[in-house]
Amino acid sequence: MIDHTTQERPQAAAPAALYTQVQQFYAHQVGLLDDLRAEEFADTFTADGVLVPSPAASPVRGRPAIAAALRAAHERRFGTEAVRRRHWHTMLRVETRPDGALTTRYYSLVLITRPWDPAPVMGPSSVVEDVLVHESGQLLTHERRVTPDHLSF
Amino acid sequence: MIDHTTQERPQAAAPAALYTQVQQFYAHQVGLLDDLRAEEFADTFTADGVLVPSPAASPVRGRPAIAAALRAAHERRFGTEAVRRRHWHTMLRVETRPDGALTTRYYSLVLITRPWDPAPVMGPSSVVEDVLVHESGQLLTHERRVTPDHLSF
Amino acid sequence: MIDHTTQERPQAAAPAALYTQVQQFYAHQVGLLDDLRAEEFADTFTADGVLVPSPAASPVRGRPAIAAALRAAHERRFGTEAVRRRHWHTMLRVETRPDGALTTRYYSLVLITRPWDPAPVMGPSSVVEDVLVHESGQLLTHERRVTPDHLSF
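Chains as they are written, first to last, in this note's numbering: chain A, 14 to 166; chain B, 14 to 166; chain C, 14 to 166.
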């Protein structure tokens, strides 16, 4: 279930420096995800980071487990098939918690392209809710909850 | 018809603080739209706000009428069917008018997901042109003109 | 082939003013591209600008050649058919080179809408890598390398 409480607060815009830093963090993180650079992707999480890939799934905890889960999910869906996978994020919201951590919420869409076929296959569309923290001046994902739209009913 | 005159001016970049504020305003507004929180969505318009949902449509004026139009459009298209609807905005332009109001222009794409089917249905793609104003430090939509691509010929 | 070296560097966020300027440059440039305003689109390149529309393609050099290539590609794909074409850019990265030029990397997706059909046709999905430079305070594309996903295997 998606927690809609953030939508009930009056709009509060994150400062430009923070908002664009988060945008760029995701552009970097998504590149690692889409190239299936699983260990480097896991390194964009905190050491105790948690990934919840769908509401019914068990949380995945820690970088080695996150890297393994990413590889396993890819293999389950695609086997050894050659694909280019792209994650598109839009409609990003960023809020700062009293403890300094950031909560974000955005739409994410997966596009899959196969060799020689210019028409990508689309899906799923998801809502993603992250907690981001700064460590040594860099952003890291502390927690990610993914709610695929088709599993949100 | 889409007014292309904004494209003829030399590029003028809105300041970062304003541009990211507008990005976050839309992320907030779209969440209300996609959750069909019709009254809250209407509250992101000025009291005298106008919505023109397609070039041939009559303008919808005022918050109660905007909320009613949103519900009616959803019911016309989906009835009581369970759907998750997502609006994706990209390629946002923001310009400041001499009177301080903002004119924006962006692409908007609708994605519809049904229960258990991970592949969203896409469309329509539209160009949206808004006039935004600041009221008590918050952005509100004063006017919105939507031109669906398939009705733009 | 896509050069992945930018992904190996630690994340470095461009300042907000620069990042939002680049976002707005692309929103402006894409409007000209999608309206097939070929000469105005070519004018968003430097006089010695280079466009490499796919890895196997010959580089197109200079504004007149870029405008001609744009028209030719459109005619090859669509002939005289009426279409609305939209380019969606997401997941933008911006880095500053030591010489002051910017290197960018983003995903780009083409959506095609035909009259009266609200469902766009999608594709191709590409990774675009640009070199941008400032001339007289304006951004211009000095070099663009497009790698369509379906030709990237």
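None of these hints come from the bench; they were simulated from the model.
Any given hint might turn out to be false.
[As the list claims (entries may be wrong)] Selected chain A positions facing chain C (in silico; Cβ < 7 Å): (1) A85; (2) E88; (3) F91; (4) T93; (5) R97; (6) L124; (7) V134; (8) G136; (9) P137.
Cβ atoms here follow ideal geometry from the backbone N, Cα and C, with glycine treated the same way.
query: Which earlier hints turn out false for this structure, listed by number in ascending order?
result: Result: hints 1, 2, 3, 4, 7, 8 and 9 break, sorted rising.
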